[in-house]
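Number of protein chains: 2
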Amino acid sequence: MRLFQDPHAPNPRRVRIFMAEKQLGARGVSVDLVEVSINDQANRAPEHLERHPLGLLPVLELDDGRTLRESMAICRWIDETYPDPPLFGADAWERAQVEQWNRHAELELLFPIAQIFRNTHPFWEGRIKQAPAFGEIMRELVAERLAWLDHELGHHEFLAGDHYTVADITAVCALDFGKVSKLRLDPDVHRNLDRWYQQVKARPSYKA
Amino acid sequence: MRLFQDPHAPNPRRVRIFMAEKQLGARGVSVDLVEVSINDQANRAPEHLERHPLGLLPVLELDDGRTLRESMAICRWIDETYPDPPLFGADAWERAQVEQWNRHAELELLFPIAQIFRNTHPFWEGRIKQAPAFGEIMRELVAERLAWLDHELGHHEFLAGDHYTVADITAVCALDFGKVSKLRLDPDVHRNLDRWYQQVKARPSYKA
Chain A
1 MRLFQDPHAP NPRRVRIFMA EKQLGARGVS VDLVEVSIND QANRAPEHLE RHPLGLLPVL
61 ELDDGRTLRE SMAICRWIDE TYPDPPLFGA DAWERAQVEQ WNRHAELELL FPIAQIFRNT
121 HPFWEGRIKQ APAFGEIMRE LVAERLAWLD HELGHHEFLA GDHYTVADIT AVCALDFGKV
181 SKLRLDPDVH RNLDRWYQQV KARPSYKA
Chain B
1001 MRLFQDPHAP NPRRVRIFMA EKQLGARGVS VDLVEVSIND QANRAPEHLE RHPLGLLPVL
1061 ELDDGRTLRE SMAICRWIDE TYPDPPLFGA DAWERAQVEQ WNRHAELELL FPIAQIFRNT
1121 HPFWEGRIKQ APAFGEIMRE LVAERLAWLD HELGHHEFLA GDHYTVADIT AVCALDFGKV
1181 SKLRLDPDVH RNLDRWYQQV KARPSYKA
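Chains as they are written, first to last, in my numbering: chain A, 1 to 208; chain B, 1001 to 1208.
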């Protein structure tokens, strides 16, 4: 398989961590990482637009040439093809819970944090239209959501319950992506969240 | 089961259409729709915050009292519990494709359209902070995405291929939700999209 990706972008990182948790290498499944640099606008080049008409990342290419877009579609396909360990939950109710929490991590953290970056960071100046006021609204939202998540993580070890799942992957990628926009956890305030963060960070997959 | 929902909001509608496609009523499964009006801020009342700490909709309550948040988590749970017809795909590759397209429908249509509404519509004035400039950026994005989708629907009958799936539900709820922000398909320009829209609209579930 080949994974077309940018090493600095959060969505490709979700897939890399997911693959590392599945230990694909140890199973003899080779995944070549092919860099498509957003900074160099390689994602807008005709070669990549053929893979993904919207110029987004990541894209997975199977050995038979089929391609799959969207990080969560890729992770779900890997989860079904290599079910162990189950990172989307082990039965119908658990899968529903994991989906609920993965969406909370996406909709309440990752997407707002991405909008802070897009709308307020100099990286995008002159590349896209920015609305800094929206970035600031999202910054306030994320502060509220971190307080809420901190409270929730006082009741369960991982986001979706007792097990590490794709929801934890989404959340850690979101938080790390926030650093470029000067968004950081305060270990004295976000005690539960920080406990969780240190735990997730200690997993070998974190470096993927 | 009880579905806590607002009849005017797009995410509860996704679940109502999904349930109608599964013909839960004909299977003897009763689903009570309980209105939680966003207009009346009933979603911010303590009673609802107990069901959903972020005050969002929909929430599904099972007969045993367990609750599930997030439209797609609810739909997935229903899909696993009542697998026929499969609306998330019938095998691993199909499920990956459906997830890809459902996410395209969400991320490229529904979420930007929701941001147009939130950031530019008088309904939200004084209720939330608005950034009209961001709404306009999203309006331009949606115009581009509609052109792209129109092109895609020249190659396949439904969003994810030959079958009606959850991706079509998401897309039709997005487009209808756009009407409140004066976003409309132009049948002379968006011919394929309009063909698809009329087809989806003709299904009995559309009225759910």
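These are computed hints drawn from the structure, not numbers from a lab.
A portion of the hints provided could be inaccurate.
[Claimed, not checked] FRET-style restraints, in silico, Cβ to Cβ:
| hint | chain 1 | residue 1 | chain 2 | residue 2 | range |
| --- | --- | --- | --- | --- | --- |
| 1 | A | Arg27 | B | Glu1080 | 22 to 32 angstroms |
| 2 | A | Glu144 | B | Tyr1082 | 21 to 31 angstroms |
| 3 | A | Thr67 | B | Thr1081 | 48 to 58 angstroms |
| 4 | B | Leu1054 | A | Asp84 | 39 to 49 angstroms |
| 5 | B | Gly1065 | A | Asp188 | 13 to 23 angstroms |
| 6 | B | Pro1204 | A | His121 | 43 to 53 angstroms |
| 7 | A | Leu54 | B | Arg1027 | 35 to 45 angstroms |
| 8 | A | Pro7 | B | Gly1065 | 22 to 32 angstroms |
| 9 | A | Arg27 | B | Glu1094 | 32 to 42 angstroms |
[Said to hold, decoys possible] Partial list, derived from the structure: chain A residues whose beta carbon lies under 10 angstroms from chain B:
| hint | residue |
| --- | --- |
| 10 | Arg66 |
| 11 | Lys129 |
| 12 | Pro132 |
| 13 | Arg145 |
| 14 | Leu146 |
| 15 | Asp150 |
| 16 | Val200 |
Glycine included, every Cβ here is placed at the ideal spot set by N, Cα and C.
Comparing the hints with the structure gives:
no., hint, result
1, A:Arg27 x B:Glu1080: 22 to 32 angstroms, "holds, 26 angstroms"
2, A:Glu144 x B:Tyr1082: 21 to 31 angstroms, "violated, 36 angstroms"
3, A:Thr67 x B:Thr1081: 48 to 58 angstroms, "violated, 32 angstroms"
4, B:Leu1054 x A:Asp84: 39 to 49 angstroms, "violated, 33 angstroms"
5, B:Gly1065 x A:Asp188: 13 to 23 angstroms, "violated, 37 angstroms"
6, B:Pro1204 x A:His121: 43 to 53 angstroms, "holds, 47 angstroms"
7, A:Leu54 x B:Arg1027: 35 to 45 angstroms, "holds, 39 angstroms"
8, A:Pro7 x B:Gly1065: 22 to 32 angstroms, "violated, 46 angstroms"
9, A:Arg27 x B:Glu1094: 32 to 42 angstroms, "violated, 24 angstroms"
10, Arg66, "holds, 8 angstroms"
11, Lys129, "holds, 5 angstroms"
12, Pro132, "holds, 8 angstroms"
13, Arg145, "holds, 8 angstroms"
14, Leu146, "violated, 13 angstroms"
15, Asp150, "violated, 12 angstroms"
16, Val200, "violated, 22 angstroms"
This entry does not satisfy hints 2, 3, 4, 5, 8, 9, 14, 15 and 16, going by the numbered hints stated previously.
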